[in-house]
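**Student:** Residues per chain, in single letters:
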Amino acid sequence: QQPVQSPQAVILREGEDAVINCSSSKALYSVHWYRQKHGEAPIFLMILLKGGEQKGHDKISASFNEKKQQSSLYLTASQLSYSGTYFCGSSNNAGNMLTFGGGTRLMVKP
Amino acid sequence: DAGVIQSPRHEVTEMGQEVTLRCKPISGHNSLFWYRQTMMRGLELLIYFNNNVPIDDSGMPEDRFSAKMPNASFSTLKIQPSEPRDSAVYFCASRIAGADTQYFGPGTRLTVL
Numbered sequence: 004q005q006p007v008q009s010p011q012a013v014i015l016r017e018g019e020d021a022v023i024n025c026s027s028s029k030a031l032y033s034v035h036w037y038r039q040k041h042g043e044a045p046i047f048l049m050i051l052l053k054g055g056e057q058k059g060h061d062k063i064s065a066s067f068n069e070k071k072q073q074s075s076l077y078l079t080a081s082q083l084s085y086s087g088t089y090f091c092g093s094s095n096n097a098g099n100m101l102t103f104g105g106g107t108r109l110m111v112k113p
Numbered sequence: 687d688a689g690v691i692q693s694p695r696h697e698v699t700e701m702g703q704e705v706t707l708r709c710k711p712i713s714g715h716n717s718l719f720w721y722r723q724t725m726m727r728g729l730e731l732l733i734y735f736n737n738n739v740p741i742d743d744s745g746m747p748e749d750r751f752s753a754k755m756p757n758a759s760f761s762t763l764k765i766q767p768s769e770p771r772d773s774a775v776y777f778c779a780s781r782i783a784g785a786d787t788q789y790f791g792p793g794t795r796l797t798v799l
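Chains as they are written, first to last, in the numbering used here: chain A, 4 to 113; chain B, 687 to 799.
So that you can see chain A by itself, here it is in the shape it has in the complex (with noise of 0.2 Å):
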């Protein structure tokens, strides 16, 4: 079953924070997250593993609640690159067969 993004779609200043969410109504080994722009292939972005995990680089981390079943990705000061669609894919075992949510398309402004 696939898991549920939120929200679908956000439109920011840049600067401006975001928070999307992915929640799962299957017990999650690891959550992935994903971010596409128009016409290209998915870019991985990280990937979280452990319950109560939190990974970041530069200005995109993430966070997993693992009782929760749910990750939650956290863009701060957002730049005009961050735009796209993003996704999460969950796994509930160790051989990472993802299923991905429906997405989340971001829009930054200037």
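These are calculated hints, taken from the structure and not from any lab test.
Treat the numbers as computed from the prediction; the structure is a model and nothing was measured.
All C-beta atoms, glycine included, are put in the ideal place defined by N, C-alpha and C.
Treat the hints loosely; a few may be bogus.
What the hints assert, rightly or not - Where chain B lies over chain A, by a calculated footprint (3+ residues, C-beta under 8 Å): (1) 38-51; (2) 101-113.
As the list claims (entries may be wrong) - Label-pair restraints from in silico Cβ distances: (3) A:Q11 / B:D749: 39 to 49 Å; (4) A:H41 / B:R727: 12 to 22 Å; (5) A:A80 / B:P756: 44 to 54 Å; (6) B:D786 / A:P10: 19 to 29 Å; (7) A:Q4 / B:D786: 15 to 25 Å; (8) A:K58 / B:S773: 33 to 43 Å; (9) B:G714 / A:Q11: 29 to 39 Å.
Given chain A, work out where chain B should sit, using these hints.
**Tutor:** Same frame as chain A, now just chain B:
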């Protein structure tokens, strides 16, 4: 290093025709994934291979779809006969088995008229 290579990048065909999509994974990667992306259904996993062996094809929509991986450097996804509802972008991704990151190819945009 070259990334995942897919061909063709665009394919337009008529209903009933056979379509073959091709993928060359990154050298040294031994897991390969085929995905389909549409506006309605999002990004769906169709099938994945480990060491050239199909591990899970539960995402393959129906018998019209088949995938092969004859060697570590080549995979095909075939649709026969094609239907308009097969129109989508088909992505191939590869990964080193046990590693976290899947690397996606540029995709093939398929239009079935």
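**Student:** With reference to the structure, classify each hint as holding or not holding.
**Tutor:** Quick rundown of the hints versus the structure:
With 6 residues bearing a CB less than 8 Å from a CB of chain B, the region 38-51 of chain A meets the requirement of three and the coverage assertion stands. Judged by the Cβ-Cβ criterion of 8 Å, the region 101-113 of chain A is covered by chain B as claimed, because 6 of its residues qualify and three suffice. Restraint check, Q11 of chain A to D749 of chain B: a C-beta distance of roughly 34 Å breaks the suggested window 39 to 49 Å. Distance hint check: the CB atoms of H41 of chain A and R727 of chain B are about 18 Å apart, consistent with the given range 12 to 22 Å.
Distance hint check: the CB atoms of A80 of chain A and P756 of chain B are about 48 Å apart, consistent with the given range 44 to 54 Å. One distance hint, 19 to 29 Å for the beta-carbon pair D786 of chain B and P10 of chain A, holds here, with the actual separation near 26 Å. One distance hint, 15 to 25 Å for the beta-carbon pair Q4 of chain A and D786 of chain B, holds here, with the actual separation near 22 Å. The hint said 33 to 43 Å for the Cβ distance between K58 of chain A and S773 of chain B, and at roughly 37 Å that hint holds.
Distance hint check: the CB atoms of G714 of chain B and Q11 of chain A are about 37 Å apart, consistent with the given range 29 to 39 Å.
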